[in-house]
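Enquirer: Now for the letters of each chain:
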Amino acid sequence: MDQFAPSDEGEIIDFVRAAIANEAPLEVAGNATKAALGRPVEADRRLSTRSLRGIHFYEPSELVVSLGPGTTMRELTDLLDQNGQELAFEPIDYAHLFATEPLGGTIGSAVAVNASGPRRIKAGAARDHVLGFSAVSGRGEAFQSGGRVMKNVTGYDLSKLMTGSYGTLAILTDLTLKVLPKPEMEQTLLLHGLGDQNGIDVMTEASGLPHEVSSLAHLPAGCVAAIGPLAGQTAAVTALRIEGPETSVAKRKADLQEHFAPHRAEFSVLSDAHSKTFWGALRDCLPLCAHASDIWRLSTAPTEGARLVETIRKSGVDAAAYYDWAGGLVWLATTTNAETAAPEIRRALHSSGGHATLIRADASSRAGVDVFHPQPTALAALTARIKNSFDPERILNRGRMRKDF
Amino acid sequence: MALTMPKPEQEILANRDLLIRRLREILPAESVIDDEIERRAYECDALTMYRQLPLVVVLPETVPQVSAIMALAAEMNVKVVPRGAGTSLSGGSLPLGDGILLGMSKFNKVLDIDYPNRAARVQPGVTNLAITKAVEHRGFYYAPDPSSQIACSIGGNVGENSGGVHCLKYGLTTNNLLGLQIVLMGGEIIELGGKHLDSEGYDLIGLMTGSEGLLGVITEVTVRILQKPQTARGLLLGFPTLDDGGNCVADIIAAGIIPGGLEMMDNMAIIAADDFQPCGYPRDAESLVICELDGTASEVEHLIERVSAIARDNNATDIRVAQTEAERLQFWAGRKNAFPAVGAIGPDYLCMDGTIPRKQLSYVLSEMRALAKRHNLRVANVFHAGDGNLHPLILYDASINGEIEKAEAFGADILRLCVKVGGVLTGEHGVGVEKRDLMHTMFSEADLEQQQRVKCAFDPNHRLNPGKVFPTLHRCAELGHMHVHKGKVPFPDLPRF
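In the order they appear, the protein sequences are chains A and B.
Read in order, the letters of the first sequence correspond to residues 0 to 404 in numbering that gives the first Met the number 0.
Read in order, the letters of the second sequence correspond to residues 0 to 496 in numbering that gives the first Met the number 0.
For the record, the hints were derived by calculation from the structure and aren't laboratory data.
Hints may contain errors.
Claimed, not checked - Here are the simulated distance ranges between beta carbons: (1) A:39 - B:16: 52 to 62 Å; (2) A:271 - B:365: 40 to 50 Å; (3) A:289 - B:61: 48 to 58 Å; (4) A:22 - B:2: 37 to 47 Å; (5) A:53 - B:48: 45 to 55 Å; (6) A:271 - B:314: 46 to 56 Å; (7) B:358 - A:196: 44 to 54 Å; (8) A:204 - B:478: 46 to 56 Å; (9) A:379 - B:61: 24 to 34 Å; (10) A:77 - B:445: 32 to 42 Å.
Claimed, not checked - Reference listing, derived: stretches of chain B covered by chain A, where coverage requires no fewer than 3 residues with Cβ under 8 Å from a Cβ of chain A: (11) 4–15; (12) 111–121; (13) 157–166; (14) 184–191; (15) 381–388.
What the hints assert, rightly or not - The calculated EDC-like cross-link candidates involving lysine to aspartate or glutamate, where the alpha carbons are at most 16 Å apart (straight line), are: (16) A:181 - A:85; (17) A:250 - B:300; (18) A:275 - A:85; (19) A:181 - A:265; (20) A:250 - A:271; (21) B:358 - A:58; (22) A:252 - A:265; (23) B:132 - B:113; (24) B:227 - A:204.
Glycine residues also receive a C-beta, built at the ideal position from the N, C-alpha and C atoms.
My request is simple: use the sequences and hints to build the entire structure.
Expert: The structure is reproduced here in C-alpha cells:
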C-alpha cells in the first residue's frame, strides 16, 4: 500500500482534495497499530498522521496538554509521568492483541477508537478527556472545535463525535486533552474462588458502597494465569481497586475486607506495583490474548454480564470470558467462526441491552460480518447523514465502520 | 433590543388556524394553548430581556404525541422551539412568532431507578434536584448541580450540557449520561445508549448534549447515579488580593488535589452575599475561596491540612474549616445566593459565563475592572475557579434609557477578552441568542459551516429552534455543495495520481 505522511495541515488538505478528484479513498492511520481493528478499509493509499507529532504546550497546573495526533503513546505517557500526571482514562494498548510494539500507537488513534480502560466507570473514556481538536474533513476543509478549557459549551460538541469515529469523519491535525494527577498509590483487594455470578454480585455490591472503588473486575478460573502477579494460581479472582492517599487506601481496603468477610471468600491484597501490573494486563486483554481465536468486546448493563455469557454459551458459541467495569464490559474469546457467533452474541445482547464489537479476527471474517453492532434503521440512516456531512464522497476509511460507508 | 431573529414566515402565520386545528387532533384541547394571555407565560426564559409571543404553545405528555407534533410540523413546514423548565440564561427557549413552543413540563416522571446498575431513567421534565431527591435515601445522588437545580429540568440540562459547582471533579451533564431517547424533526424516535457505557457507533449522546435544542427533542434521559461520598468538608479562605486567591486555586490543583468544589468570589460579591443573608464571610477580603473536599474521612482530613498549608503560603488572612455539616452548608449559602444577592443591589444584572485558562485569572480580572470603568458600570464576580468558569454579574438599571445596551456591550467585551486569552464564550449557559452574534470571535466561517452541516443531518429545513447558536443560517443545499459532479473534475488545479 502506498503511504503518505504529510507534515502539515496544508498537505493533508491537498491529499484529501486529490483523493476526491481521483475518486480514490484513503486509509487514515497514525502508526497503523490498529489497522486490524474494524472492517478492512477499501483503499489503496494510506494517509498517516505520524509526522504531526510533538507537544504544542503542556501545562500541568492547568491539567491540559495540546499535541500533534501523531505523538506516540510512549512519548506522551513518559512526559506526563515525569510530572506525576496521566491520562485518567487509561487507554487500552492494543499492542498485545495485534502483536505490535507496546505504546507504539499514536494518541490520535487512541482518540479515534475512544480508548478506555478499567477506570472507565469512574474516570470515563477518551471521549470525556478531549477538550478540543483541529481536523481536515473528507471535504478537504480544515475546521476546529472545542478549546483548551474544561468547561465549554460553545457550539456543538464535535469532540465527542470525532472520538470513536475511527477516522471516518475527518483527519485529526491537533488535539487538546485533559490530564489529571496520578493517584498517590493503589492497592487491589482480591476475593478468590467465586463463580461468575457471585463475582458480579460482589462487584455490584462494592460499587454501591461509598469506598470509591475505582475498578472492579472478575477473572474466572483459567483467565488468571496470564497475569504476572497471579502466576501459578488457578482459582477465579474478583478484584476491587482502591486508589488515593496511602492512609485513605489502607482504611478503605480494611472497610471493604470487613464488609465482604461474610462471603467467606479467601482474600489477598496486591500492593501498589502488583496492582498496577494487574490492571494493566486486564486492560490490554492479556488474559485472552494467547487464545488462537476471535476476540469480542461486549458492553452491557453491569448486572447482566454473567447471564449474557451464559446465554451465548447456551446458543452453542464456545466462549472464554472475563469481566471488567463491574460486569459491564465482557471480553470474550471464541473459536466459533464469526459468521456463526455474531448473530448469537447479538441476539443475547438484545435482552441484556448493549452492543458487541468484533475486536480481533482475520480480514475475511471482518469483511463478512458487522464488526460494529448493527443499528436500527432510523439510527443507521441518521448515522449515514452525519457521515455525509463530513465526508460526502466517502473518501476517509471507506468501509471501516460500515459496509455502506 | 438589538437582537435579530429569523423573519417570521408569512405562510406559517397564514396557516395558524389550520395548524391549531391539526394540533388539537393530536392533543387534548387544554394542551394546545392559543389564547394570547396564556401564551404570554411562555414569552421568555430566564434571559428576560428578550421576549417574543409564540405562535402557539403545546404541552404533550406522551412520546407518540411529541412524535406526531414533530411530524405535523415537518409536514406543514412550521418551526418548533423546545422548552424544558424555561430557566435558560442564554435564551435557548426564546419563542418564535412563527413557531410552535413545545413545552416538556408534563414529562415529569421518574420511570425506573436501577440501583445495582447505578442508573436512573427519567422523563425530561423532571427537575435536576428531583433526581437526587428520588435516590438519596439509598445514599446516591446525581452529580451535576447547576445553581438552578431546584427548577431546571434534566431535559434542559442535556440540551445545554449544564455544569454546576461539582463538575471539576464529577464532570458536566455529558459525562453523567448513559442513554437518551430523542424525537427528530419529522417524528422519528431514536434510542441512544441504555444502561451500558459507550455507544455502538458515533457518539450521538455526546453530540446531542449541549446541542441547545437544535438537533432533536429529548423525550427520555438515563443518567448515572453515584454513591454519595462518605464525608464532605468545607474550607472558607479569605485573601487580601485577587491574585492571592487565584494563585491559591492554581496551587491546589498543581498539588494534585481535585476538590469536589472550588469556588471564588470577589469583594463586591462577598459583601452582597453577606448583606443578603449573613453567612460570616470575611467582608474585608478582596477574594474568597470556598473549597470542598470529599471522600473518605481519613482522606478528607489529610487534604484539609494540605489545602490549609497552601492557603497560608498564599497569604490567606482567614482560614476556616467547617466543623459541622451546618457550618459547611453555611459556607455555601452565600455562594449559592450570590446571584439574587447581587440582584438586590442591582437593580438589574446580566450574568456572563466565559471560561478562561485558570492562569489568566488575574489578568482577566484587572482588564475587566478597566472595562467596567470604561463602560461606567459595576461588575461583581463569582467563579467556578477550579475550572476557570467566570460568572461576571454586570449591574445595570433597565429603567434608565440605554443602560441595557451598555450592559450588553460590556458583556460582549468581557467575552471577547475571554476568547483572546485562550478561553471560550460560554462554559455552561449555552450560546442561545445571547452569544450567537459573537460566535465568529471563536470560530471561522469553515468551523461554523461544518457545525451547520451536522445540523442539516438532523434537520435539513432548519425547522428546529432556528435563530439560536449560529449567527447566519445557510441553506443546507448550499452547505452540502462541493462542486463535485460525476463526469466533471473537481479541483482542476490539483495533480492527478
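Enquirer: Now tell me if each hint is right for this structure.
Expert: Okay, the hints, checked on the actual structure:
As the Cβ distance of residue 39 (chain A) to residue 16 (chain B) is approximately 58 Å, the hint placing it in 52 to 62 Å holds. For residue 271 (chain A) and residue 365 (chain B), the Cβ-Cβ distance of about 45 Å falls inside the hinted range of 40 to 50 Å, so the restraint holds. For residue 289 (chain A) and residue 61 (chain B), the Cβ-Cβ distance of about 53 Å falls inside the hinted range of 48 to 58 Å, so the restraint holds. Checked against the hint of 37 to 47 Å, the pair residue 22 (chain A) and residue 2 (chain B) passes, with Cβ atoms roughly 45 Å apart.
For residue 53 (chain A) paired with residue 48 (chain B), a C-beta distance near 47 Å keeps the hint of 45 to 55 Å intact. Between residue 271 (chain A) and residue 314 (chain B) the C-beta distance comes to about 36 Å, which lies outside the given range of 46 to 56 Å. Separated by about 51 Å at the C-beta atoms, residue 358 (chain B) and residue 196 (chain A) satisfy the suggested range of 44 to 54 Å. Look at residue 204 (chain A) against residue 478 (chain B): about 52 Å separates their beta carbons, and that is inside 46 to 56 Å.
For residue 379 (chain A) paired with residue 61 (chain B), a C-beta distance near 26 Å keeps the hint of 24 to 34 Å intact. The hinted range of 32 to 42 Å is satisfied by residue 77 (chain A) and residue 445 (chain B), whose Cβ atoms lie roughly 35 Å apart. As drawn, the stretch 4–15 of chain B meets chain A at 0 residues by the rule of a beta-carbon pair under 8 Å; below three, the given contact is violated. Beta-carbon proximity to chain A at under 8 Å applies to 6 residues in the stretch 111–121 of chain B; the threshold of 3 is reached and the given coverage holds.
With 4 residues having a Cβ less than 8 Å from any Cβ of chain A, the stretch 157–166 of chain B passes the three-residue criterion, so the hint holds. Here's how the stretch 184–191 of chain B fares: 5 of its residues keep a CB closer than 8 Å to some CB of chain A, so the rule of at least three is met and the hint holds. With 4 residues carrying a beta carbon less than 8 Å from a beta carbon of chain A, the stretch 381–388 of chain B meets the three-residue requirement, and the given coverage holds. At roughly 6 Å between alpha-carbon atoms, residue 181 (chain A) and residue 85 (chain A) fall within 16 Å of each other, so this suggested pair holds.
The straight-line distance between the Cα atoms of residue 250 (chain A) and residue 300 (chain B) is roughly 13 Å, inside the 16 Å bound, and the hint therefore holds. A distance of roughly 13 Å separates the Cα atoms of residue 275 (chain A) and residue 85 (chain A); the hinted pair therefore holds under the 16 Å criterion. For the proposed pair residue 181 (chain A) and residue 265 (chain A), the alpha carbon gap of about 30 Å is over 16 Å, so the pair is violated. A hinted pair counts as satisfied when its Cα atoms are at most 16 Å apart, and residue 250 (chain A) with residue 271 (chain A) qualifies at roughly 15 Å.
Taken as a hint, the residue 358 (chain B) and residue 58 (chain A) pair is honoured in the structure, with Cα atoms around 10 Å apart against an allowance of 16 Å. Distance hint between residue 252 (chain A) and residue 265 (chain A) is fulfilled; the C-alpha atoms sit about 15 Å from each other, no more than 16 Å. Our distance criterion of 16 Å between C-alpha atoms is met by residue 132 (chain B) and residue 113 (chain B), whose separation comes to about 15 Å. Taking the CA atoms of residue 227 (chain B) and residue 204 (chain A), the gap is about 15 Å. The hint holds against a cut of 16 Å.
When each numbered hint is compared with the structure, violations occur for hints 6, 11 and 19.
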